[in-house]
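K.L.:
Take the sequences, apply the hints, and build the full model.
Protein chains in written order, with my numbering: chain G, 1 to 404; chain R, 405 to 539.
Derived by calculation from the structure, the hints in this document are not laboratory data. One thing to keep in mind: the hints can contain errors.
As the list claims (entries may be wrong) - Simulated crosslink set (DSSO-like; lysine-lysine; CA at most 30 angstroms straight-line):
#	chain 1	residue 1	chain 2	residue 2
1	G	Lys367	R	Lys488
2	R	Lys406	G	Lys311
3	R	Lys406	R	Lys529
4	R	Lys406	G	Lys370
5	G	Lys209	G	Lys339
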Amino acid sequence: MKNVLKIALGILTSIGGFLDAGAIATSSEAGARYGFRLLWSLAFGTLCVVFLVEMAGRLAAVSNHTVADAMRERFGWRFFVFPLTAELIVDLFVIASEIGGVCLALQFVTGIAFRWWAFPVALLIWLFIWSGSFSFVEDSTAILGLVTIVFVVAVVKLHPDYHAIGAGFIPSMPPKDAPSYWFLAVSIIGAVISPYLLYFYSSGAVEDKWTEKDLNVNRGVSVIGMGFGSLVAMAVLVVAAQTLLPAGIGSDRYEQTPLMLSMVLGKTGFYLFAASVGIACFGAAVEASLSVAYLTAQSFGWTWGEDLPPKDDARFAMVYTVFPILAAAVTFSGIDPLKLTLFSMALTVVILPILLLPMIVLMNDEKFLKSHRNGWLSNAVGVVVVVVAIVLSVVAIPLELIGG
Amino acid sequence: MKRLQLARDVLDQQLIDRYECNAGKVDGIGLELRDGEPPRVAFLDMGSDVLARRLSPRLERWLQALRKLIGRKTPEPYRVEWSKVVKIANAVTIDIDSDRDAPNHVEHWLAEHLIGRIPGASREKKKKEPEQHNQ
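P.N.:
Encoded structure:
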């Protein structure tokens with residue numbers, strides 16, 4: 001029973017870390033422009049993230065070290081300062097995108113322009129982290145996040161051609177404008193593999209005092225949690241392909257995105273769309289803000305813990321107080337939230353190798369993993385992920401310029 | 405005897421004080437050079453200056469210049485005598501009270517002037533869990 005409860009962590013992680021502004025934006029755009037053709041990219045990203053999350057959890061459970069702790073210890077400050085700085089910069093834009101997503105949802109419902117919501121939303125994020133314990137944050141986002149299942153319901157109601165969906169899992173050449181097709185494929189992978197997820201997840205495992213006994217839970221959480229997030233993201237893609245594509249509506253203009261559910265479920269669909277986007281992005285913003293605080297505190301050895309009263313870990317609390325405000329300022333500047341999201345996804349892809357390569361080395365270090373080092377399968381997937389990450393980080397910027 | 409590698413097993417490790425609180429990281433290791441005898445480990449170094457110096461001496465000078473500019477004194481480098489090291493395992497345990505002894509002024513300042521003043525800052529977030537029984 002306790003193990004079942006622990007899987008809640010995975011569901012939160014999947015909703016917050018998997019289904020976020022990036023995943024929703026890239027999946028709906030992929031569906032609206034290329035039908036089911038980019039499903040393979042989503043599936044590939046999911047496979048990678050399942051393995052990476054499992055590794056982060058295993059590292060924490062066996063060594064009692066979070067990813068940040070282990071990276072600094074293993075590779076030293078002179079190396080660690082680079083992934084640390086890169087991650088902090090990327091996280092600022094990621095949180096700004098997530099806040100932008102929540103703001104857009106509020107704009108859909110109230111009609112008040114999104115930028116005015118930026119600071120109130122940041123305050124709400126802070127309040128959530130400030131007053132909640134780790135399990136409160138975990139469980140409440142998980143339960144609220146269940147609303148996103150509406151996309152799966154919409155797929156069932158649309159009676160899509162399941163054979164055609166199946167064909168989408170086999171990579172195929174694009175019908176037209178190849179650069180934007182590939183750019184979108186890269187963005188999807190960037191949206192699915194969120195580095196903050198790994199820092200967050202390993203910190204959560206340490207907060208929950210995982211030990212080697214929890215390795216099975218960890219495996220279940222990675223597969224079920226990430227699988228759930230992926231299923232919903234795929235549903236978003238399929239719904240967009242079934243509604244926006246035939247109607248000739250690109251999803252590059254955010255005002256039109258709610259149409260994908262209101263065409264299926266009417267006015268209720270419109271509200272459910274707003275609720276799904278708002279909640280998924282809010283969960284991701286909470287998780288990413290907390291993740292920044294974990295990362296900073298662990299980098300410098302401060303006291304940290306979401307269950308402690310904020311006064312007892314003042315520097316940790318300071319980080320999750322300041323970061324959402326800075327991010328809200330970016331959102332408030334009025335940059336198109338969709339463009340901001342695609343930009344931060346491309347940025348994420350650029351920094352992926354500098355995180356993932358050391359991660360794979362770490363997972364083979366006996367000092368940390370004892371007898372639970374990576375097996376051949378994890379290492380094979382790890383090598384593929386790193387190679388793909390390097391290729392993607394090189395092509396991401398040129399592709400954004402040509403195809404974005 | 406277990407072999408200990410300073411760079412691998414000590415440098416950049418988490419520091420834990422005598423009350424099992426996080427007390428920072430081992431940012432540097434100081435050696436004492438002695439006439440006619442081999443050098444020996446003297447202390448653990450901590451603090452932002454040490455971190456800056458490890459990246460580049462110029463960065464350390466900039467950091468000190470910046471401090472001067474905003475009118476702050478350069479703090480004494482914080483050092484933990486090697487003899488205070490109690491245990492080196494998953495973390496480095498040192499026999500100090502980090503709340504009083506470690507370079508914790510930022511934490512204290514924040515706790516007193518900023519974070520501590522926000523309502524709810526001292527509230528226990530979670531009920532103490534009863535001791536867990538192993539099934």
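K.L.:
With reference to the structure, classify each hint as holding or not holding.
P.N.:
For each hint, the structure was consulted:
no.: 1; hint: G:Lys367 <-> R:Lys488; result: holds (24 angstroms)
no.: 2; hint: R:Lys406 <-> G:Lys311; result: violated (40 angstroms)
no.: 3; hint: R:Lys406 <-> R:Lys529; result: violated (42 angstroms)
no.: 4; hint: R:Lys406 <-> G:Lys370; result: holds (17 angstroms)
no.: 5; hint: G:Lys209 <-> G:Lys339; result: violated (39 angstroms)
This entry does not satisfy hints 2, 3 and 5, going by the numbered hints stated previously.
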